[in-house]
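I would like the entire structure built from these sequences, with the hints used as guidance.
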Amino acid sequence: SSPNRVLHVEGTASTFGDTQSILQISDDTAMAAGVGGGISFTGKATTGQSDSNTMFAAIHAEKENATSGNTSGALLFSTRTNGSNPAERMRIDSSGLVGIGTSPASGINLHLHEAGSGQMLMAFTNDTTGTGSNDGLHVGIDSSENAFVYNKENTALYFGTNNTERMRIDSSGNVGIGT
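Every number in the numbering used here is 692 more than the matching position in the sequence shown, counting from 1.
Treat the hints as calculated values from the structure; they're not laboratory data.
Predicted, not measured: the structure shown is a model, and the values here were computed from it.
Built from N, CA and C at the ideal position, the CB exists for glycine as well.
Possibly wrong hints are sitting among the right ones.
As the list claims (entries may be wrong) - Ranges between beta-carbon positions, derived for each pair:
no., residue 1, residue 2, range
1, Ser-706, Thr-817, 34 to 44 Å
2, Glu-845, Leu-767, 28 to 38 Å
3, Ser-835, Ile-869, 23 to 33 Å
4, Ser-809, Thr-704, 51 to 61 Å
5, Thr-763, Gly-808, 31 to 41 Å
6, Ser-760, Glu-845, 53 to 63 Å
7, Thr-820, Ser-776, 34 to 44 Å
8, Thr-817, Asp-710, 47 to 57 Å
9, Thr-739, Asp-819, 34 to 44 Å
10, Gly-808, Asn-696, 25 to 35 Å
11, Asn-745, Glu-845, 39 to 49 Å
Structure representation (structure tokens):
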């Protein structure tokens, strides 16, 4: 009765499986792979623009297949670079696998992909390490497809099996195995 936003939806959530929802966004297009509801995030991109219809990003749920009665669905996240159309950047498929820059590969829970032959890097940081490009732990492949693990901090790098440390590279580069 007292909305605090332009669109304010309030009510008792409907439960279906593990989900609870108050708002449903539906696509009434004929059943096919890739069909489903979505949300577009738009605004003004140009000074003096009269409308707010420039799409910056979107979230889209879609049917993963064209089989009637098969309800497998995926969730897609899209963003846009300057001068281009929005493009899919991340997908969570019906089995819960996540692909960033690519569709998830079977059996890989989190798949990161760099288009072309550039470096693909995953960084792990916290409040102590800092959040810059020279902080934390970096794991990835370089532009020559060499794999790397870098501890960017002045601390040790541990390796272990069976919940036990088996090898350590200390901050000076000394290697200890089984000690």
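For each hint, the structure was consulted:
1. Ser-706 <-> Thr-817: 34 to 44 Å: 39 Å, holds
2. Glu-845 <-> Leu-767: 28 to 38 Å: At roughly 35 Å between Cβ atoms, Leu-767 and Glu-845 fall inside 28 to 38 Å, so the hint holds.
3. Ser-835 <-> Ile-869: 23 to 33 Å: At roughly 31 Å between Cβ atoms, Ile-869 and Ser-835 fall inside 23 to 33 Å, so the hint holds.
4. Ser-809 <-> Thr-704: 51 to 61 Å: Once the Cβ atoms are compared, 52 Å apart, the range 51 to 61 Å for Thr-704 and Ser-809 holds.
5. Thr-763 <-> Gly-808: 31 to 41 Å: With a Cβ separation near 36 Å, Thr-763 and Gly-808 satisfy 31 to 41 Å, so the hint holds.
6. Ser-760 <-> Glu-845: 53 to 63 Å: 54 Å, holds
7. Thr-820 <-> Ser-776: 34 to 44 Å: Distance hint for Thr-820, Ser-776 holds at roughly 38 Å.
8. Thr-817 <-> Asp-710: 47 to 57 Å: 31 Å, violated
9. Thr-739 <-> Asp-819: 34 to 44 Å: 38 Å, holds
10. Gly-808 <-> Asn-696: 25 to 35 Å: With a Cβ separation near 45 Å, Gly-808 and Asn-696 fall outside 25 to 35 Å, so the hint is violated.
11. Asn-745 <-> Glu-845: 39 to 49 Å: 46 Å, holds
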